[in-house]
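Novice: Read off the chains here:
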Amino acid sequence: EPEVTQTPSHQVTQMGQEVILRCVPISNHLYFYWYRQILGQKVEFLVSFYNNEISEKSEIFDDQFSVERPDGSNFTLKIRSTKLEDSAMYFCASSEGGAGNQPQHFGDGTRLSIL
Amino acid sequence: GNSVTQMEGPVTLSEEAFLTINCTYTATGYPSLFWYVQYPGEGLQLLLKATKADDKGSNKGFEATYRKETTSFHLEKGSVQVSDSAVYFCALTRPQAAGNKLTFGGGTRVLVKP
Chain A
1 EPEVTQTPSH
11 QVTQMGQEVI
21 LRCVPISNHL
31 YFYWYRQILG
41 QKVEFLVSFY
51 NNEISEKSEI
61 FDDQFSVERP
71 DGSNFTLKIR
81 STKLEDSAMY
91 FCASSEGGAG
101 NQPQHFGDGT
111 RLSIL
Chain B
116 GNSVTQMEGP
126 VTLSEEAFLT
136 INCTYTATGY
146 PSLFWYVQYP
156 GEGLQLLLKA
166 TKADDKGSNK
176 GFEATYRKET
186 TSFHLEKGSV
196 QVSDSAVYFC
206 ALTRPQAAGN
216 KLTFGGGTRV
226 LVKP
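Same order as they appear, the protein sequences are chains A and B.
Using this note's numbering, read the first sequence as starting at 1 and increasing by one per residue.
Using this note's numbering, read the second sequence as starting at 116 and increasing by one per residue.
What the hints contain is simulated information worked out from the structure, not anything from laboratory work.
Cβ coordinates follow ideal geometry from the N, Cα and C atoms, glycine included.
Treat the hints loosely; a few may be bogus.
[Said to hold, decoys possible] With the C-beta cut set under 7 Å, the calculated list includes, among others, these residues of chain B facing chain A:
{"no.": "1", "residue": "G158"}
{"no.": "2", "residue": "A168"}
{"no.": "3", "residue": "T180"}
{"no.": "4", "residue": "K183"}
{"no.": "5", "residue": "P210"}
{"no.": "6", "residue": "N215"}
{"no.": "7", "residue": "F219"}
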C-alpha cells in the first residue's frame, strides 16, 4: 500500500538555526498537510497546500514557517529560526481530494528537538 | 470553533475485554468523523470514518457510529488483543471545505494486558 514517507525521523538543531523537514506524499494525492504534536498535547494543524499554494494555515504557522513543493514528489516544511517551543513531532499528511470526507494519510513523523 | 473531546486515558484492559472510547464533538453542520490509531513508534493510521449521520464506520473489529443527536462518535471493540495497545485519536473535518484540516481530540492511550 502506498505510504507517506518523512525524513529524517529525528532532527536535533540548535536554537536559532534553520531546519527543513521533508516529506514524500502519496504519488496521486493532490492535497498536502503539516501537523505537529508537542509532547503530551494534541495533534495540531499547521498548514494545508494545494496547487502550489497554501490553502489554509493556523495561527501557529507564522512568518518563521514556510512550505514548498520543490519538485513533483517532495513537500517540505522550513522553520527559519527555531525556538525551544518548536520542539515537537511533526507529521506530514496527504489526501487524494480536499473534501472533508477524504481521509488523510500520515507519515511516521519527524521528531524535532531544539537545544 | 470546532472541537473534539475524548475520554482521558490510559485505559488498561485485559485481553478479550470490551473496549469503549468516548468521543464527542462540537461543530457546525455535518462534519466528517474519523478515528486514527498510533502504534508505538509509528505515525497516525486511519482506523475508520463516517461521513454522515447514522453512518457506522468499521475496521479490524472496531466500530463507531456517527450520532448527530448526541454529537458523538464513540469507538468500540468487542474483544481486544494485546496488539490493540496504542493511542487512539478521534478527529473531524468541516463539511464543504477544500484542503480540509483535521481537528483532533487529545488521544486516549489503551494498554491491553495478556
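Novice: So, as I understand it, the hint says B:K183 touches chain A; can you test that by seeing if any CB pair is closer than 7 Å?
Specialist: violated (15 Å)
Novice: A closest beta-carbon separation below 7 Å is what the hint needs, so does B:F219 meet it against chain A?
Specialist: This interface hint holds because 4 Å falls under the 7 Å limit.
Novice: Against chain A, is B:A168 within 7 Å by beta-carbon distance?
Specialist: violated (13 Å)
Novice: Close enough to count: is the Cβ of B:P210 nearer than 7 Å to one in chain A?
Specialist: holds (5 Å)
Novice: Hold the hint about B:G158 up to the distance rule: shortest CB distance to chain A must be less than 7 Å.
Specialist: Status holds, d = 4 Å.
Novice: Does B:T180 pass the interface hint, meaning its C-beta sits closer than 7 Å to a C-beta of chain A?
Specialist: Cβ of B:T180 sits 16 Å from chain A, so the hint is violated.
Novice: Do the numbers back the hint for B:N215, that is, is its least Cβ distance to chain A under 7 Å?
Specialist: Result: holds, 5 Å to nearest chain A Cβ.
Of the numbered hints given earlier, the model fails hints 2, 3 and 4; all others are met.
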